[in-house]
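S.K.: One letter stands for each residue in the lines below.
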Amino acid sequence: MSAGDDLAALTAARAIERIAAGDLSAAELFDVYRARAAADAEDLNAFTWVADGPPAELGADACASAPLAGLPLAVKDLFCTEGVPSQSGSRILEGYRPPYTATAVAKLADAGATLLGKTNQDEFAMGSSNENSAFGPVRNPWDRARVPGGSSGGSAAAVAAGLAPWALGTDTGGSIRQPAALCGIVGLKPTYGAVSRYGMIAFASSLDQAGPFTRDVTDAALLLRHMVGRDACDATSLAFPGEIELPRGVDLRGLRLGVPEELTADGIESGVRDAFAATLALAEQLGASVEPCSLPHAPHALSAYYLIAPAEASANLARFDGVRYGLRVESDDLLGMYTATRAAGFGAEVKRRIMLGTYALSSGYYDAYYGRAQQVRTKVAEDFRAAFERFDLLVTPTAPSVAFRLGEKVDDPLAMYLNDVCTVPMSLAGIPAISIPNGLSGGLPTGLQLCGPAFSENRLLAAAYVLEQALGFDGSPARRAAGGGKAA
Amino acid sequence: MIDRAQVLHVARLARLALSEEEVARMSRELSAVLGHIEKISELDLDGVPPTSHVVDAAGALRPDEPCASLPREAALAGAPEPLEQGFGVPSPGASG
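Chains as they are written, first to last, in the numbering used here: chain A, 17 to 504; chain B, 2 to 97.
Simulated from the structure, these hints should not be mistaken for lab results. Heads up, some of the hints might be wrong.
[Stated by the list, open to error] Listed below are several chain B residues computed to face chain A (Cβ distance under 10 Å; list not exhaustive):
1. M2
2. H37
3. I41
4. A61
5. D65
6. A75
7. A80
8. E85
9. Q86
[Claimed, not checked] Straight-line distance between alpha carbons at most 16 Å, and here's what the computed EDC-like set of lysine to aspartate or glutamate pairs gives:
10. K40/B / E365/A
11. K425/A / D490/A
12. K425/A / D45/B
13. K395/A / E30/B
14. K395/A / D250/A
Keep in mind that this is a model prediction, so the values were computed, not measured. We put the CB at the ideal spot given by N, CA and C, even for glycine.
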């Protein structure tokens with residue numbers, strides 16, 4: 017194992033400590049990650065763009081004393097980054113270099129993060145396997161014949177494989193939590209509004225949230241701390257009450273955990289269910305009370321989601337028409353240019369969702385589909401509010417299965433959508449949720465999801481930290497696989 | 002069941018040109034997905050208010066004061082056809 021591999025094994029918090037103490041240079045660490053990411057050691061196809069080299073200011077003292085100490089950051093392709101390709105995994109934005117940077121990325125840069133690269137994703141964040149990217153599928157570092165999950169599959173695979181210390185993703189119906197679970201890392205979807213959406217290429221605006229992918233819970237808290245806050249450029253953003261705290265604690269005494277029956281019974285594969293049951297027992301040993309609860313409308317959340325999200329997407333994606341940016345397919349008249357550009361620029365899943373959303377919003381169907389979906393959304397949120405009167409947090413598996421094989425579900429959209437069954441209800445309710453590694457099933461990671469009321473991030477992180485310490489998950493097999501390749 | 006005529010109608014609304022193969026596939030796949038989604042029609046939702054957004058953004062208006070914004074050249078830099086300080090497009094023609 018080379019020195020570079022040793023450095024790539026450090027968590028972000030540990031690397032920052034060493035840089036601050038003066039026994040590691042930010043530029044050296046950046047070079048280690050840049051080399052690994054650029055070589056894409058195990059051919060994971062996790063990146064769509066990698067920085068040429070460390071920026072000049074990385075050697076400065078000011079950088080080492082910044083909260084994030086110049087640490088490299090991988091960023092999902094759909095965040096606009098000034099002058100750097102930001103394509104949202106789509107042909108229609110191939111080569112697009114925006115004139116401004118997303119607020120979440122700019123805030124992290126202000127705190128001392130350095131842009132390492134842009135990560136591959138499902139096109140416009142629509143997918144649960146990363147197979148819908150115009151730039152090819154991402155592979156799972158635990159088994160390269162399998163998907164990393166999606167839509168933030170590149171960010172998840174990069175962090176799991178040690179190609180980046182941490183990464184930004186976005187979650188609309190599970191696109192941070194599900195890939196984090198399938199890749200054996202931590203992923204957090206904040207409360208809706210906690211992080212500005214300005215500069216995120218929009219999928220479904222009432223659901224989209226940016227959040228961190230990290231090796232452990234402490235790193236998730238550290239990254240999130242510098243992302244949250246009200247932004248004048250996003251009218252739906254909110255001031256975070258207080259500060260994101262670094263988690264500590266050794267037990268779960270006094271914590272009331274609820275286990276929603278609707279999200280833990282049918283459709284969860286046995287290995288995932290066994291790991292989940294074992295962790296519930298562990299939580300009790302750590303002092304938590306664990307009791308079943310009910311979210312009666314959760315079984316309908318997926319249906320509501322697959323009307324609301326495509327409906328919003330059909331409106332958001334109207335802007336890709338060959339006029340202001342991206343691809344244009346020439347035609348004699350304006351309508352022909354629109355339809356030809358969109359036919360050539362969008363992939364199959366994006367077209368499917370635009371069609372579904374347009375249908376759900378069209379005259380004669382609006383009340384039966386979109387209107388009813390919005391009513392279901394109200395009921396789903398009410399169910400959570402009622403549950404949180406009795407419980408501090410709810411806990412479920414993150415995804416119903418371990419990572420599936422590439423190609424296994426591409427021809428069955430409905431089977432693919434069912435991956436999101438455990439993550440979508442929290443998205444509709446706008447509440448925060450975290451996924452942490454919950455051991456292996458058949459050699460592949462499973463995920464544990466914790467969710468809480470709006471702005472309960474500190475409580476979530478604290479509980480997740482205690483469970484993480486007790487579980488002692490070892491993510492190093494995924495990193496060693498990457499380190500054994502060309503970058504070593 | 003979403004038939005061929007409905008697919009073509011929705012595609013026109015969505016400004017999407019679909020191949021014959023895509024029309025057939027869309028009809029099949031949208032029907033399957035909507036078949037699953039139909040389950041929400043069984044719920045009693047009378048009197049339930051809709052939720053379009055979980056954040057109450059009322060009062061989010063800022064004072065309407067002029068401030069610096071993206072320079073014109075930067076806004077036009079990614080355009081397929083920048084034209085006389087604006088975005089060039091083909092003639093609306095007969096379809097307009």
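S.K.: Are K395/A and D250/A close enough, with their CA atoms no more than 16 Å apart?
M.R.: With a Cα-Cα distance of about 27 Å, the restraint between K395/A and D250/A is violated, given a limit of 16 Å.
S.K.: Can you verify the interface hint for A61/B: is its Cβ closer than 10 Å to any Cβ in chain A?
M.R.: Since the shortest Cβ distance to chain A is 4 Å, the answer is holds.
S.K.: Hey, does the A80/B contact hint survive, CB to chain A under 10 Å?
M.R.: The hint holds - A80/B has a Cβ within 10 Å of chain A, the shortest such distance being about 6 Å.
S.K.: Quick one, is the D65/B hint okay against chain A at 10 Å, beta carbons?
M.R.: Status violated, d = 13 Å.
S.K.: Answer holds if the nearest beta-carbon of chain A is closer than 10 Å to that of H37/B; otherwise answer violated.
M.R.: holds (6 Å)
S.K.: Between the alpha carbons of K40/B and E365/A, is the straight-line distance 16 Å or under?
M.R.: Since the Cα atoms of K40/B and E365/A sit roughly 23 Å apart, the hinted pair is violated (cutoff 16 Å).
S.K.: May I ask you to test the interface hint for I41/B with respect to chain A, counting a Cβ-Cβ separation under 10 Å as satisfied?
M.R.: Result: holds, 5 Å to nearest chain A Cβ.
S.K.: Does the structure keep K425/A and D45/B at a Cα separation of 16 Å or less?
M.R.: violated (33 Å)
S.K.: Using 10 Å as the Cβ threshold, decide whether E85/B counts as touching chain A.
M.R.: Violated, because the Cβ-Cβ distance from E85/B to chain A comes to roughly 15 Å (cut-off 10 Å).
S.K.: Would the hint linking K425/A and D490/A be met if the CA-CA limit is 16 Å?
M.R.: violated (29 Å)
S.K.: Does Q86/B pass the interface check with chain A, least Cβ-Cβ distance below 10 Å?
M.R.: Hint on Q86/B: violated, closest Cβ of chain A at ~14 Å, above 10 Å.
S.K.: Need the status of pair K395/A, E30/B: alpha-carbon distance at most 16 Å?
M.R.: Violated. K395/A to E30/B sits at ~28 Å, over the 16 Å cutoff.
Hints 1, 5, 8, 9, 10, 11, 12, 13 and 14 from the list above are not met by this structure, while the remaining hints are.
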